[in-house]
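J.: Each protein sequence line maps, in turn, to chains W and H. The numbering of the first sequence is the UniProt record's numbering, which starts it at 1 and goes up by one. The numbering of the second sequence is the UniProt record's numbering, which starts it at 1 and goes up by one.
Simulated from the structure, these hints should not be mistaken for lab results. Here the structure is a predicted model, which is why all the values come from computation and not from measurement. Treat the hints with caution; some may be incorrect.
Simulated crosslink set (EDC-like; lysine to aspartate or glutamate; CA at most 20 Å straight-line) [claimed, not checked]:
#	chain 1	residue 1	chain 2	residue 2
1	H	LYS87	W	GLU300
2	H	LYS87	W	ASP357
3	W	LYS301	H	ASP136
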Amino acid sequence: MIRALFMAAALAMATVAAKAEVEIQEVTSPGGIKAWLVQENSIPFTALEIRFKGGASLDADGKRGATNLMTALLEEGAGDMDARQFAAARDGLAASYGFDVSDDAMSVSAQFLTENRDQAIELLRTALIEPRFDDSALDRVQSQVLSIIQSDEKDPEAIVGDAFARLAFGDHPYGSSINGTLATVASLTRDDMIEAKNRVMAKDRLYVGVVGDISAEELGTLLDTLLGDLPETGANMPPRADYLLTGGVTVVPFDTPQSVARFGHQGITRDDDDFFAAFVMNVILGGGGFEARLMTEVREKRGLTYGVYSYLAPRDHAELVLGQVASANDRIAEAIEVIQAEWFKVATEGVTQDELDRAKTYLTGAYPLRFDGNGPIANIMVGMQMQDLPVDYIATRNAKVEAVTLEDVKRVAARVLQPENLHFVVVGQPAGLETTN
Amino acid sequence: MRRLLAVFGLTLMALPAWAQDFVSTFSLDNGMDVVVIEDHRAPAVVHMVWYRAGAADEPPGASGIAHFLEHLLFKATDDMESGQLSKVVAENGGTDNAFTSWDYTAYFQRIAADRLDLMMTMEADRMRDIQLTESDILTERDVILEERNQRTENNPAGLFGEERRAAQYLNHPYSIPIIGWKHEMQQLSMDDAMDFYRTYYAPNNAILIVAGDVTPEEVRVLAEKHYGVLEPTVDLPERARPQEPPQRAERRIKFEDPRVAQPYVIRTYLAPERDSGAQEQAAALVMLAELLGGEGATSFLGRKLQFESQTAIYTAAFYSDVSLDDTTFGLAIVPNEGISLQEAEDALDQAVADFITEGVDTEALNRLKMQMRAEQIYERDNVGSVARRYGAGLTSGLTVEDIQAWPDILQAVTEEDIIAAAEMVFDEDKAVTGWLMKPQQDAEVLQ
Numbered sequence: 001m002i003r004a005l006f007m008a009a010a011l012a013m014a015t016v017a018a019k020a021e022v023e024i025q026e027v028t029s030p031g032g033i034k035a036w037l038v039q040e041n042s043i044p045f046t047a048l049e050i051r052f053k054g055g056a057s058l059d060a061d062g063k064r065g066a067t068n069l070m071t072a073l074l075e076e077g078a079g080d081m082d083a084r085q086f087a088a089a090r091d092g093l094a095a096s097y098g099f100d101v102s103d104d105a106m107s108v109s110a111q112f113l114t115e116n117r118d119q120a121i122e123l124l125r126t127a128l129i130e131p132r133f134d135d136s137a138l139d140r141v142q143s144q145v146l147s148i149i150q151s152d153e154k155d156p157e158a159i160v161g162d163a164f165a166r167l168a169f170g171d172h173p174y175g176s177s178i179n180g181t182l183a184t185v186a187s188l189t190r191d192d193m194i195e196a197k198n199r200v201m202a203k204d205r206l207y208v209g210v211v212g213d214i215s216a217e218e219l220g221t222l223l224d225t226l227l228g229d230l231p232e233t234g235a236n237m238p239p240r241a242d243y244l245l246t247g248g249v250t251v252v253p254f255d256t257p258q259s260v261a262r263f264g265h266q267g268i269t270r271d272d273d274d275f276f277a278a279f280v281m282n283v284i285l286g287g288g289g290f291e292a293r294l295m296t297e298v299r300e301k302r303g304l305t306y307g308v309y310s311y312l313a314p315r316d317h318a319e320l321v322l323g324q325v326a327s328a329n330d331r332i333a334e335a336i337e338v339i340q341a342e343w344f345k346v347a348t349e350g351v352t353q354d355e356l357d358r359a360k361t362y363l364t365g366a367y368p369l370r371f372d373g374n375g376p377i378a379n380i381m382v383g384m385q386m387q388d389l390p391v392d393y394i395a396t397r398n399a400k401v402e403a404v405t406l407e408d409v410k411r412v413a414a415r416v417l418q419p420e421n422l423h424f425v426v427v428g429q430p431a432g433l434e435t436t437n
Numbered sequence: 001m002r003r004l005l006a007v008f009g010l011t012l013m014a015l016p017a018w019a020q021d022f023v024s025t026f027s028l029d030n031g032m033d034v035v036v037i038e039d040h041r042a043p044a045v046v047h048m049v050w051y052r053a054g055a056a057d058e059p060p061g062a063s064g065i066a067h068f069l070e071h072l073l074f075k076a077t078d079d080m081e082s083g084q085l086s087k088v089v090a091e092n093g094g095t096d097n098a099f100t101s102w103d104y105t106a107y108f109q110r111i112a113a114d115r116l117d118l119m120m121t122m123e124a125d126r127m128r129d130i131q132l133t134e135s136d137i138l139t140e141r142d143v144i145l146e147e148r149n150q151r152t153e154n155n156p157a158g159l160f161g162e163e164r165r166a167a168q169y170l171n172h173p174y175s176i177p178i179i180g181w182k183h184e185m186q187q188l189s190m191d192d193a194m195d196f197y198r199t200y201y202a203p204n205n206a207i208l209i210v211a212g213d214v215t216p217e218e219v220r221v222l223a224e225k226h227y228g229v230l231e232p233t234v235d236l237p238e239r240a241r242p243q244e245p246p247q248r249a250e251r252r253i254k255f256e257d258p259r260v261a262q263p264y265v266i267r268t269y270l271a272p273e274r275d276s277g278a279q280e281q282a283a284a285l286v287m288l289a290e291l292l293g294g295e296g297a298t299s300f301l302g303r304k305l306q307f308e309s310q311t312a313i314y315t316a317a318f319y320s321d322v323s324l325d326d327t328t329f330g331l332a333i334v335p336n337e338g339i340s341l342q343e344a345e346d347a348l349d350q351a352v353a354d355f356i357t358e359g360v361d362t363e364a365l366n367r368l369k370m371q372m373r374a375e376q377i378y379e380r381d382n383v384g385s386v387a388r389r390y391g392a393g394l395t396s397g398l399t400v401e402d403i404q405a406w407p408d409i410l411q412a413v414t415e416e417d418i419i420a421a422a423e424m425v426f427d428e429d430k431a432v433t434g435w436l437m438k439p440q441q442d443a444e445v446l447q
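The whole structure should be built from the sequences, with the hints applied where relevant.
T.: See the structure below:
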C-alpha cells in the first residue's frame, strides 16, 4: 500500500467534563472509501460498524419486509459456503458479525481478533458481496419472520407501535412495520432479495466507524477488500413522510390486564438551531431518569406505572416527539391525564432554572461515559457521520448543551410541545377511555 | 468449503489464555469482600454493591420482598431525602439502577472515576440507615404491581414461565417468581421490608465491586473509610434453603392463553450448578448446552430440526451455571407451521437421543473452545460485564479462585465429559415439560 494515497487527518480532542480523549482519524482508502478510525491497540481486537443509509424504508412497492428479510439472510450462506459452513467458519475465527436494519439504516457490526483479522474480513466480505440467498435459507428465515409477525399481532407493545405508526404515516414506509405483513413476506422471492440488497447496500450511502487494534494504513486496505466490490449507487431515498394525526385518543381493544399507551406529535429536525434546547427540554420532561417530570408525577408520586418516558425522534423523513406508558386498565386514564397536564405545563410555563441546571450537569457528565468500549465508540462515530456532524463535534457537544438558556427552553417548549395535538394510542381494555372523533 | 474451514482451523489453537491480572480482591475487617477490576482507557467507573440475599431468601408468604426492598432503597435515609441518591448521581453525570435475582440483589452507579468517594458515601449510607414512610410503601407497592403487570400479567410467556418454575421446585424457594406472587405482593408491608433489610443488608453479607479507572489501593482507602466503619449483622443466618426431595415422576404442563400467537414446547431438567472447588460437571453442561442448542446454524438441534428437517423454526438448549442451589438445564422447540407440539416434542427427544449416540463433533468443540478463549480478550473491552460475572459468582457460593479457574476448567472439558453430562441430566423423572398453546377452541376455529 502506498502511504501517500492516504489522507489521514489525526485530530486530537478532549471531551469537556471528563478527561476522555478520543483521537479520530479520517481515513480514505486507496479505492476512495471513507471511514473514521480510533486506533486503540491495548486489546488485540477491532470493532467495525458499517451503516447504509436508507434501510428498510427503501423497500420496493409491494415488497414490504424485503430489506428486513435480506438483512437476516446475509449470514445464511455466502460464497461457496452454506449457512452452517459460514457459521462454523465464523466461530472458528471467534469473530462476531451482526446484521440489522431499521427505518433509516441497515447496519453491519463486526468484532474480530487481530491474530486472524484478514480471514475474518474475507469471511465477512463474502456475506456482504456474495450472499447466496439459497431457496432453503429463504424458506427457513421466511418462516421465522412470519412467526415474529404473528407474535407481534398478539403483543401489546408491538400492536401499539404499529398502530401509532399507521395512524401517523399511512402508506409511507414509516407507517408500517419493517417486518412486512404475512402476505408480503410470504410472496418474497430470491430475486426480491437480490433487488433489495442492490437498493440498500451501495457505496453512495455508506458510513464506516472503526475502533481497535488497527492502523490507518491497514484499515485502508481492509476497506477496499471488504467493501470495494459493492455497487456504486442504490435506490433513491423515500419522500418525506406526511404526518396525518391530530390530537385525541385511539383505543385498540385487546384483552389484557395492563393497557399500553404510545403518545406523540410532530417534532423537530436534528439540524434545527433549536435542537439542543429541545433535547435538553425533553430530558427534563420525559427523559428516562427518575428526575424527569413524567417519571416523578406518574410513577414516583402516584405509583401509576413502572415506567414512562418521552423522546425526540428526528428521523430522516419525518420528526416526532414520542412517549410511552403502561398502566393497569383501570388506571391508564389517570396516567394519561397526568401526562397531558405535564405536557401542557412545560409547553406553557417552561421549566425551572434548577431543573435546567440539573439536566445540563447530567448531560455533560454522562456524555464522556458513552465512550466506553470499542464497539460503542465505533457506533457513535458512524452516527455522527450519518448526521453530517464534524469530527470536532465530540469536543464541542457539551458546550452546546451548556449554552442552552432558560429562555431557550421556554421558547422551544412553546414551539415543539403541542398539548392540543398530542395523540394517545391505547392498546388494552382501558376503563373510561374511548376513541375520539 | 472444506478447504476454507481447514485453513481457518490452523490458526485456532495459537490464542493464549489471558491471565486475569486486571482483577484484584481483598476483604475489609468487618467481612465485606472487595473486587477491583482495572481498565484505565477511560476515566469512568462502575461502582456496585451486591448482597447475598435474593428472592430465594425471602420468608414464606412474603414473596417479592427482596425486589420490593430494592425499589425502597431509593427512598430516604437518615442523611438523604427520598430520591436524593439518584438525583445526586444524575447531577454528577452518572446513571444508577439496581437488580434482583433469586440469589442476589445488587445496586450500581456508572460515573466519572473522580466521583467514587461520593458514590461510596451514599451507598454505605443506605446499607444500614434507610428510613421509610407508610406512604413510600403504598406508592411503591403500586409501582411493583405495575411492573408485574408489564413483565408477567401482560405476557403469556411470562405466566407460563412462572407455572413451569413452580412445578420444577416443589420445596426449594426457587419456585417463586422474583417479582412475587401477585396476592402476596399486595400485602407486602413496612415490617416485611425492614425485617429483610436489617437481616441481610450488612457489610458481612455484601460484596463491593469497582470496575474501571481505579487502582486497588485507591479503592481500599475509600472502602475502609465508608464501608469499613459499618456494623456487621452478628446473627447473619446461614443460607440453608429447603432442598428438593427426589423427583419420582415426570411433570407436564399445558398452558393456554388466547394471546399466544406462536405455540412452543420447553422442557427443563433439575441440574447441578457450579459448586466451589467442583465446577467440572457444570463446565461439561455449559459445553453441552452450546453444542446441542447454542445458535441454530451451528448447534446439533439446529442441524437436525431446522436444517436437515424443517420441523422447527427455532430450537435452543440453555443452562444457568451460576446458582447457589440446584439449577436447571433446558430445551426448547418452536415448531414450524403445520407441526403439532407433540410432533415437535417427539422430534426434540429423538434429536437429543441422536446427540448422545453420535457423540461430540470434535471440530465443533474446538471452535467453541476457541470462542471461549477469545471471550477473555473481548470482555476486557467491557469491564462492566466482568464486574457482573464476579458479582453473580460471589453471591452464588463461588470464590474468586473458582471464578478465575473457570476458563481453564471449560478448556479441559472432554467429549466424554459432555456425553456423560448429557446422560446424567436428561432424566425424564427430573423433567418439567411445558406446552404453551392457544386455547383449543381458537385453534380449531383457525383451522
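J.: Are the hints correct? Go through all of them and say.
T.: Tested hints:
A hinted pair counts as satisfied when its Cα atoms are at most 20 Å apart, and LYS87 (chain H) with GLU300 (chain W) qualifies at roughly 13 Å. About 12 Å separates the Cα atoms of LYS87 (chain H) and ASP357 (chain W), which keeps this hinted pair within 20 Å; it holds. Only pairs whose Cα atoms come within 20 Å are accepted, and LYS301 (chain W) paired with ASP136 (chain H) is accepted, the gap being roughly 9 Å.
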